[in-house]
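S.K.: Following the hints, put chain B in place on chain A, whose structure we already have.
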Amino acid sequence: MSWLVGQASRIYAFRWVTLPPLVGVGMFALIAASLVVAPRESVEGEVQRVFYIHFPSALTAYGALFVVFVSSIALLWTKDMRWDAIARAAAGVGVLFTAFTLGTGAIWGRPTWGVYWTWDARLTSTLILLLLYGGYLLARNLADPTDEQAARYGAVFAIFAFADIPVINMSVRWWRTLHPQPMVVGSDGPAMPLEMVAVMMIGLVGVGLLATWLIVLRSETELLGVRTQALRARLDRRMGV
Amino acid sequence: MEGQLEYLFAGFAVFWAGLLVYLVWLQARLRALQAEVRRLEERLAEEVPVAEATAATRSASAARVAPEGGA
Chain A
1 MSWLVGQASR IYAFRWVTLP PLVGVGMFAL IAASLVVAPR ESVEGEVQRV FYIHFPSALT
61 AYGALFVVFV SSIALLWTKD MRWDAIARAA AGVGVLFTAF TLGTGAIWGR PTWGVYWTWD
121 ARLTSTLILL LLYGGYLLAR NLADPTDEQA ARYGAVFAIF AFADIPVINM SVRWWRTLHP
181 QPMVVGSDGP AMPLEMVAVM MIGLVGVGLL ATWLIVLRSE TELLGVRTQA LRARLDRRMG
241 V
Chain B
242 MEGQLEYLFA GFAVFWAGLL VYLVWLQARL RALQAEVRRL EERLAEEVPV AEATAATRSA
302 SAARVAPEGG A
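Protein chains in written order, with our numbering: chain A, 1 to 241; chain B, 242 to 312.
Please note that a few of the clues may not be correct.
Counterexamples of contact, computed for chain B against chain A with all Cβ distances above 12 Å [as the list claims (entries may be wrong)]:
| hint | residue |
| --- | --- |
| 1 | Gln245 |
| 2 | Gln268 |
| 3 | Ala276 |
| 4 | Thr298 |
Now the in silico label distances, taken between C-beta atoms and shown as ranges [what the hints assert, rightly or not]:
| hint | chain 1 | residue 1 | chain 2 | residue 2 | range |
| --- | --- | --- | --- | --- | --- |
| 5 | A | Met201 | B | Val265 | 45 to 53 Å |
| 6 | B | Ala273 | A | Arg40 | 27 to 35 Å |
| 7 | A | Ala13 | B | Glu247 | 44 to 52 Å |
For the record, the hints were derived by calculation from the structure and aren't laboratory data. Nothing here was measured: the structure is a model prediction, and the numbers come from that model. C-beta atoms are modelled at their ideal positions from N, C-alpha and C, and glycine is treated no differently.
So that you can see chain A by itself, here it is in the shape it has in the complex (with noise of 0.2 Å):
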């Protein structure tokens, strides 16, 4: 175990020196891919390349919302509260691209469906899912970084909240929705060309880098503010405030 954490620790320590530049690559491959190599959809037209920024967005953002998860319950186990600092990372990055899933599935939703917005279960589950994590952000954001308390009732909000993601994921089986059936892992394998996959794949890589460079960027913003606390506290202390 601690063999495994001193390799952690090892490679978190070249973060600033490989994640750039990757997450750089990673979206210039990105947006290449799906403009120029990924084959033009015969009925939806050009417009259907929005797909490669919209499903990667989705599942970074249930990736992010994965770390609030697993995040909340280290804080939870071992009291230790950098694990909030690295949740209120995760559910920033994680609210961010929730954001993203929505406004490019309605910039994408208006030629295809004709709408921008139908209260369809993908839909709403989806704007459930970002007002559940706003609200945890913003409930954190008022509170001490510093307040044990409050952490451990953010946390347990988190790991409730998280319901919601099997919800988005099952809602398009559970009722009759607007937004298509799973046209990427069905039970008979990808219902789409091979160069398609490809290209999302591509996508899902480099959208997935970027979200890990933001979680780690945010992580040390959330660890500054707890110092900054802490130093002000301590300042206030000696001058018997």
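M.R.: Same frame as chain A, now just chain B:
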């Protein structure tokens, strides 16, 4: 399906503009916090000698008062 390019452009623009705004906000927050930490550390370093000097003055005056009171 005429005029779909504008929707394609809008979809990509939402993603990239949102990402840019988020990165600018994050960088501004990071810089502000770094500056705040530096400022607080400097103030703490300045406060240490002041606090030590105050404590030294207090103990010196207490030492001066004690013999007089005792005499």
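S.K.: Hint by hint, note whether the structure agrees.
M.R.: Comparing the hints with the structure gives:
Its beta-carbon lying about 4 Å from the closest one in chain A, Gln245 (chain B) breaks the requirement of being farther than 12 Å from that chain. At the 12 Å boundary, the C-beta of Gln268 (chain B) falls inside the reach of chain A, the nearest C-beta of that chain being 9 Å off. Residue placement check: Ala276 (chain B) does not keep its beta carbon more than 12 Å from all beta carbons of chain A (closest about 10 Å). Interface exclusion of Thr298 (chain B) from chain A stands, the closest Cβ pair being 16 Å apart, more than 12 Å.
Distance hint for Met201 (chain A) and Val265 (chain B): a CB-CB separation of about 30 Å, inconsistent with the stated range 45 to 53 Å. In this structure, Ala273 (chain B) and Arg40 (chain A) break the distance hint of 27 to 35 Å, their C-beta atoms being roughly 46 Å apart. A C-beta distance of roughly 45 Å is found between Ala13 (chain A) and Glu247 (chain B), which places it inside the suggested range of 44 to 52 Å.
This entry does not satisfy hints 1, 2, 3, 5, 6, going by the numbered hints stated previously.
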